[in-house]
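Fit chain B with the ligands to the supplied structure of chain A, relying on the hints for placement.
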Amino acid sequence: MSAEAILTRNFARSDSHTLGVYRETGGYQAWAKAQAMEPTAILEEVKRSNLRGLGGAGFPTGTKWSFIPKNHPGPVYLVINADEGEPGTFKDRYLLERDPHALIEGMLIAARAIRSATGFVYIRGEYVEPWRRFAAAVREAYEARYLGNGFDIVVHRGAGAYICGEETGLISSLEGKKGWPKLKPPFPAIKGAFGAPTIVNNVETICQVPHVINRGAEWFAGLGTKTQGGTRMYSVSGRVARPAVYETSVSITLRQLIYDLAGGVTGNGKLKAVVPGGSSAAILTADEIDVTMDVDGLRNAGTMAGSAGVIVMDETVSIPEALMVVARFYAHESCGQCTPCRESTGWIYKMTRRIVERRGRKEDLDTILDVAKRGAGTTICAFYDGAVGPYISYIEKFRGEFEALVPK
Amino acid sequence: MKGRDDAPAVPTFSEAQLAEVHRLQALYPDPQGALLPALHLAQEAFGYISLETEEYVAGLFNLSPAHVHEVVTFYTLYFRERPGRHVVAVCHNLSCHLAGAPAIIAHLKTRLGVAPGETTADGRVTLLSVECLCACEAAPMMQVDDRYELNLTPAKVDQILGGLA
Ligand SMILES: Cc1cc2nc3c(=O)[nH]c(=O)nc-3n(C[C@H](O)[C@H](O)[C@H](O)COP(=O)(O)O)c2cc1C
Ligand code: SF4
Ligand code: FES
Numbered sequence: 040m041s042a043e044a045i046l047t048r049n050f051a052r053s054d055s056h057t058l059g060v061y062r063e064t065g066g067y068q069a070w071a072k073a074q075a076m077e078p079t080a081i082l083e084e085v086k087r088s089n090l091r092g093l094g095g096a097g098f099p100t101g102t103k104w105s106f107i108p109k110n111h112p113g114p115v116y117l118v119i120n121a122d123e124g125e126p127g128t129f130k131d132r133y134l135l136e137r138d139p140h141a142l143i144e145g146m147l148i149a150a151r152a153i154r155s156a157t158g159f160v161y162i163r164g165e166y167v168e169p170w171r172r173f174a175a176a177v178r179e180a181y182e183a184r185y186l187g188n189g190f191d192i193v194v195h196r197g198a199g200a201y202i203c204g205e206e207t208g209l210i211s212s213l214e215g216k217k218g219w220p221k222l223k224p225p226f227p228a229i230k231g232a233f234g235a236p237t238i239v240n241n242v243e244t245i246c247q248v249p250h251v252i253n254r255g256a257e258w259f260a261g262l263g264t265k266t267q268g269g270t271r272m273y274s275v276s277g278r279v280a281r282p283a284v285y286e287t288s289v290s291i292t293l294r295q296l297i298y299d300l301a302g303g304v305t306g307n308g309k310l311k312a313v314v315p316g317g318s319s320a321a322i323l324t325a326d327e328i329d330v331t332m333d334v335d336g337l338r339n340a341g342t343m344a345g346s347a348g349v350i351v352m353d354e355t356v357s358i359p360e361a362l363m364v365v366a367r368f369y370a371h372e373s374c375g376q377c378t379p380c381r382e383s384t385g386w387i388y389k390m391t392r393r394i395v396e397r398r399g400r401k402e403d404l405d406t407i408l409d410v411a412k413r414g415a416g417t418t419i420c421a422f423y424d425g426a427v428g429p430y431i432s433y434i435e436k437f438r439g440e441f442e443a444l445v446p447k
Numbered sequence: 369m370k371g372r373d374d375a376p377a378v379p380t381f382s383e384a385q386l387a388e389v390h391r392l393q394a395l396y397p398d399p400q401g402a403l404l405p406a407l408h409l410a411q412e413a414f415g416y417i418s419l420e421t422e423e424y425v426a427g428l429f430n431l432s433p434a435h436v437h438e439v440v441t442f443y444t445l446y447f448r449e450r451p452g453r454h455v456v457a458v459c460h461n462l463s464c465h466l467a468g469a470p471a472i473i474a475h476l477k478t479r480l481g482v483a484p485g486e487t488t489a490d491g492r493v494t495l496l497s498v499e500c501l502c503a504c505e506a507a508p509m510m511q512v513d514d515r516y517e518l519n520l521t522p523a524k525v526d527q528i529l530g531g532l533a
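Chains A and B, in that order, give the protein sequences.
The first sequence begins at 40 in this note's numbering and counts up one residue at a time.
The second sequence begins at 369 in this note's numbering and counts up one residue at a time.
Pulled out of the complex, with its shape left as it was, chain A reads as follows:
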C-alpha cells in the first residue's frame, strides 16, 4: 500500500542534507529542466498535477500561482511557510533537516513560474537545528551558483507565535511587526509581503515541485485521488506503536495509516478517537476511520486534512481532558485582534477546565456549544474556526463523557 517514497527517499542517510547526496540522487535536474520551460508551462504542469497546498488549507498550488498579476511591474515575492506549529505536526522539521536542497530547488522552480527574484523562508524560531541545516544548504547553493543568479533566498527566523503560521500573520511578522493576520481580500497574491504580490506556500508543497517537473503532472496526479495528486507526509503521534512521519499516497485511509503503517493502537489497544489533520481538525470516532486522507475525503467526513498531523487516542484517554489541553492552546495563541476569538477561546478553556475539575454544571455544555458556534465564520482569520472544530466535535461526539464529569 505504502506508495513510493518521494520526499523522504533519502531520509535514512545521515548525510541526506548535503548538496553532494542531493545531486547524486537526481537533485537539481528538475531545475535544469525547468530553466528550459516557459514560466506558464511550469505553472500549467503544476496545475495539471493536482498538487494541493500541504500547509493546512489544501488550496490547489498551480491555481494559487496563477493569481499573481500578469506583467506586474514591481517585485513579486515567494514566501515559504516553515513556521510549523500546528499541534501534532512535525513533517517540515524533517524536510528542513534532512532534505533542505529539495526546498531550495522547489523554490527556484516556483520562483521561475511566478517570476520572482526573491524568496523568504520563514522558519519557526524554536527550530534552531532545522534553521542551521537549511541556512547551511542555502550557503552551499550559493557556492554552487544555483542561487545568486537571478534568485536569492533570505532565511528568516520567527520568534514564537503560532499565529504567524497563518499566511497574512506570517507576512506581518516578516515585515517586522507583531504577527496580526489581515482581512482578505486583498489576498497575498495581489498585495502581500512589503505590499508586493506574494505567494505563500508550505515547505512540503514546494518540496513536491521538483518531482512534478521531473516526472510529469500525470505521474504525480496518478499517485493520489481524482482531486489531489501525490503523496504527503503524515505525522502520526499519540497512542500508536510507531509514532513517526509516514509518506504515503493521499488516497490511504486513516485505518491503514494507523494499523498498517503506525503499528496499531497502544494504551489499552482499543481505538477511541483520532484527530486527522492537526489539532484544529474536528475529531473522528473509532467508527469513522474508513476515510481517505486526501483533502476532499476528510472534508466529506466533516473534518479536514489540515497539516496531516494525526493524533491517536485509545479508550483510556479522557476526551474532556484532551479538549482542555487543546482549548488551553487556542486561548494562549489567539492574537487578540477579533473579539469573538479573543473572548471565546479564553472563556471556553476556563469552562472546559471547570468541567474536567468536576466543578461544571449541566448547562455548561450547551453554553460552550452555543458560544463556539456564534463566533464561527466572523473573524479575520481561520484560527478561530480551527478552534471551533475541536470544541464542537469533541463535545458532540463524546457528550456522555463530559456529562459524567458534572456533579449530580
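Simulated from the structure, these hints should not be mistaken for lab results.
Hints should not be assumed to be uniformly reliable.
[To be verified] If you only want the chain B side, here are some residues facing chain A, beta carbon under 7 angstroms, derived:
no., residue
1, 397
2, 403
3, 438
4, 486
5, 512
Yeah, the Cβ is synthetic: ideal placement off N, Cα and C, and Gly gets one too.
Chain B with the ligands only, in chain A's frame:
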C-alpha cells in the same frame, strides 16, 4: 519606565554586531523586515530585551520604542527579564500530554523547586511550559536552550538537568 540613573549600562552593539544588523536590514525590501532577526541578535548579546534595549533597537530602525515594545511582547521567544543560564521549555500540548507530559512537568517542578515561568534561586534554570514544539513523534519532549530532548522519562530528565552548568 526606570529613571536613567538606576538604569543598567545602555546596551550597545559591537562594531561587528552593528555590521550584522546593517547586513540584515539590506536583505529586506524595507529594512524593518530585519527587526525580528535584530531582536534575536540583541537578546544573544545582552541576555534579554530590556526597555533600554527596545529603545536602542528602535533607534537602529528609526522606529518608535512603542512599536518595538509591541513586537517584543507579542512573541514568546523574547525574554523581558534575564532568564536563567539555561531555559528548559517542556511541551504540554496534546501528543506530549498523551505520552505523560503532566508527570514530566511535575518531576521538573520538584527537581528544580520552581513552577513554570520561574527561575531557580541560583539563576541556573528557567522553567517554561510551552505549546507544541512539533516533535510529537518523540513525546514527551522539551527544549533545553537550542536542543530538543526527546522521549523523556524522569530518569532522562535527571540526567539532562545534571548536565546543565
Ligand atoms: C491559524 C493558522 C495556522 C497556520 N499554520 C500554518 C503552518 O504552521 N504552516 C503552514 O504551512 N501553513 C499554516 N497555515 C496555513 C497558511 O495560512 C497557508 O494556507 C499556507 O501556508 C499556504 O501554503 P500551501 O498552499 O502550500 O499549503 C495556517 C493557517 C491558520 C489559519
Ligand atoms: S481569528 Fe483570532 S487569531 Fe485570527 S485574527 Fe482574529 S483574534 Fe487573531
Ligand atoms: S505535543 Fe509536544 S511536541 Fe507536539
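Okay, the hints, checked on the actual structure:
1. 397: Constraint on residue 397 of chain B satisfied, holds at 4 angstroms.
2. 403: holds (3 angstroms)
3. 438: OK, holds: residue 438 of chain B within 7 angstroms of chain A, min 6 angstroms.
4. 486: violated (18 angstroms)
5. 512: violated (11 angstroms)
In terms of the numbered hints stated before, the structure departs from hints 4 and 5, listed from lowest to highest.
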